[in-house]
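> These are the residues of each chain, in order.
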Amino acid sequence: MKRFFSWRLPGTWTLFRSDDRILLIVSGMLVGLASGFAAYILNSSILFLFQFLQPFRANIWSFFLPGAGAALSVLFITKVVKEKGGHGVPEVIYSVSKLGGKLKASSMFSRLVASCLTIGSGGSAGPESPVVISGAAIGSNIARFFSMNERQRVTLLGCGAAGAISSIFNAPIAGLVFVLEVVLGEWSKVHIVPIAVASVAGTQLSRLLSGNQIAFSHHSFPVSYHDTLACVGLAFFAALISVLMTRFIRNMHVVSGKTKLPVWAKAAMGGCAVGLIGLAVPDVLGEGYHSIRDMIEGTYRQGISLVLIACFAKVLATSLTLGWGGSGGIFAPSLVVGSFAGLAYHRLLIALFPSLSWMGEGGYALLGMAGLVGGILQAPLTGIFLIVEITGGYEVILPLIIVSSISSTVCYYFEPASIYMKDLVEKGNLLRPGTDARVLSDLSIQELIEKNCTIVRPDMTLRDLITVVTQSRRNYYPVEDAEKGTFLGLVTFDDIRPYLFETMMYDAVFVEQIMNTDMDIAHVGDSVVDVLEIMDIRGIYSMPVVDVGVFIGMVSKATLFDHYRKELMVQTVQD
Amino acid sequence: MKLELEKLAQSLQLSTDTLERWIRQGRIPVRKSDGLCDFKKDVLDNWALKHHIRFSLIETPVTPLDDISCKSAEEPTLLSAMIRGGVHTGIGGNTVEDVLKLVVARVPMISQAEQGMLLEKLIEREQLTSTGIGKGVAIPHPRNPLPGNDRDAVIVSCFLDNKIDFKSIDYKPVGVLFLMVCPSVKIHLFLLTRISFCLRDDSFIALLNSQPLPAEFYKAVEAIENRIEKG
Chain B
0 MKRFFSWRLP GTWTLFRSDD RILLIVSGML VGLASGFAAY ILNSSILFLF QFLQPFRANI
60 WSFFLPGAGA ALSVLFITKV VKEKGGHGVP EVIYSVSKLG GKLKASSMFS RLVASCLTIG
120 SGGSAGPESP VVISGAAIGS NIARFFSMNE RQRVTLLGCG AAGAISSIFN APIAGLVFVL
180 EVVLGEWSKV HIVPIAVASV AGTQLSRLLS GNQIAFSHHS FPVSYHDTLA CVGLAFFAAL
240 ISVLMTRFIR NMHVVSGKTK LPVWAKAAMG GCAVGLIGLA VPDVLGEGYH SIRDMIEGTY
300 RQGISLVLIA CFAKVLATSL TLGWGGSGGI FAPSLVVGSF AGLAYHRLLI ALFPSLSWMG
360 EGGYALLGMA GLVGGILQAP LTGIFLIVEI TGGYEVILPL IIVSSISSTV CYYFEPASIY
420 MKDLVEKGNL LRPGTDARVL SDLSIQELIE KNCTIVRPDM TLRDLITVVT QSRRNYYPVE
480 DAEKGTFLGL VTFDDIRPYL FETMMYDAVF VEQIMNTDMD IAHVGDSVVD VLEIMDIRGI
540 YSMPVVDVGV FIGMVSKATL FDHYRKELMV QTVQD
Chain U
0 MKLELEKLAQ SLQLSTDTLE RWIRQGRIPV RKSDGLCDFK KDVLDNWALK HHIRFSLIET
60 PVTPLDDISC KSAEEPTLLS AMIRGGVHTG IGGNTVEDVL KLVVARVPMI SQAEQGMLLE
120 KLIEREQLTS TGIGKGVAIP HPRNPLPGND RDAVIVSCFL DNKIDFKSID YKPVGVLFLM
180 VCPSVKIHLF LLTRISFCLR DDSFIALLNS QPLPAEFYKA VEAIENRIEK G
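If you read the protein sequences in the order shown, they are chains B and U.
Taken in order, the first sequence gives residues 0 to 574; the numbers are from numbering that gives the first Met the number 0.
Taken in order, the second sequence gives residues 0 to 230; the numbers are from numbering that gives the first Met the number 0.
The set of hints was computed from the structure by calculation and includes no laboratory data.
Check each hint, because a few of them may be wrong.
[As the list claims (entries may be wrong)] Simulated crosslink set (DMTMM-like; lysine to aspartate or glutamate; CA at most 25 Å straight-line):
#1 B:101 - U:224
#2 U:229 - B:185
#3 B:101 - U:19
#4 U:40 - U:3
#5 U:6 - B:449
#6 U:6 - B:561
#7 U:49 - B:479
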């Protein structure tokens, strides 16, 4: 029987037992292929649905389409698969931080269906976050199937997310960097190799299925010195739009949260509003890759004012779609808004300095995209590598770095946490490996309890207590009721000190007279962070741990430091 | 190899809860199979070295470090130190210095040079304050361990022919000497507390005054020491 089942425990195979790197690389490749395929399916179905509905968009009633799509997607998520809505990426980061990489099996497909309905019907959102959560869920559930531990599961989750992003953009390095920078927040070699393999696997699969020009075609742009200089202005412009878009989406969330309507009705309202905007500016509908393509090619004809209108309309449409409950991500809309911003900036430059020869407008659209990714997602490296891979060369690397870094720095000043992280940070759920918050959240009071305390009785005389003190190695003596065994109080060495040399007092003082009864108490289920905070506020170094009225042990800062140090070393020292 | 969770946790000086969590999180190269911890010793050795975590394999569980009483290999029993020193009678002399000279000659396993040094230090110590602790007993000892002395602690028990004035705290003349030569201050203090415990016992004092035979003397010391250890 055991032999039959051992194929589900690859960790016990001789090849993988001493070192699991090969296991992770092999399974990472499988996960990369699976998530790459999921990304291909979503991309194709969105395209199919979008094109299927295209003939109807000429009609005035077509503004109902995004509303219907968003409402259906919300109904699917809440009623059919019974999940909570959301962008996708924050859920994945939450799972890495708090759940050891666990994701529901239904997440493998739920967001694909929901986002296909939202985006395919015209909602302004991106397919990246849904494929990230699907890919991550594929990785997580494959790891669970093979009984892998949490570290391996997080790696495979990263592999899934990387495979999906790489496949959708045909950009393996961008997938790898996105996962390390945004999802895991950890650059360790244990993760890097399997995730890189998964990225390549995902990319190869999408190339096989849809050719080597998936999202955007390769272009090269000659950059001159005045372009590089002009990029500083573009960076500030991109930062401004990033802050604007982040605040718009968040405020829309707040407004929709206050509206007392069923969630599907809210999504329908948001969707219909997007449909109405779409009647005037059709470029805002869908994930928007088609307009990006036009802008990179240099075939987008509208003038500066129309481009600016389209830019702000896209910001509004995205916040209406996502803020009111539609399913999808923020990545593609940021790319679209970024390219509009870049294009508008290019038109402005030409109007101001018509005699200079500027880099093509497609180049500026790409730089604007990097600026928005750096600003909204706080992921400057992802933006840089994505654009490098799209342009297929390093000509634009200098302006890219300028735009990305300035934009993310300026945005950080106004919005310290990216749109993915803000909720997690506010609820204390963003725990990156090796940080103080992570170490403290991993440790439990149960692990820190010291049980070698000598228990005393309330009716003991001081003489008996001093005999106990001479034989004990601790400075704290918990007092317990002799019959019920309940915790009554604590005697510390400081309480005994005044009577230590007063031998006449030895038989006159009882433990119950000198014990402390109003001290702070920790419970087994308390979080270490809370207990530590109480210790800091009161200026104490030890606390008794009591459970259902019974003394369990002591918890002290000294023991905490010892465990903290071990934990930190285990979390940060690389294998 | 396979080991129970508790044993492996003790080998790594961790709590079982921490070890269990580390296994679940994949932070330690150990797998759980059939309720046992499955690991390769050399892999775990390397891992522990890299993460600065102590690892010495314990096959059978021992009492946790904190539960071990004051007694350890370093601290001998009073009885063993007294047996090493022996019980000596028929010691003459009328002054403290004379007596100490004779007693030092009875200390086993030390060279002539060391004897001279020990005597010097004993006299120096007596000049500081008397080591006569009352009830007719004195415990001459050097202030600090003799340099280079790493031998086991020795207590030479001597019954004097003539009681002499040792300037004791209770002014009583001294008839019994316990000369203490210890390799460390810690052991010296440990043995001193034991002697003082013995001297609190009036029957023990009476026994000393009767100049008992070695066997009888050792038996009494052993009985008291057993009493101390039982608490």
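> List in ascending order the numbers of the hints, as given earlier, that are violated by the structure.
Numbers 1, 2 and 7 - these are the hints that the structure violates, sorted from lowest upward.
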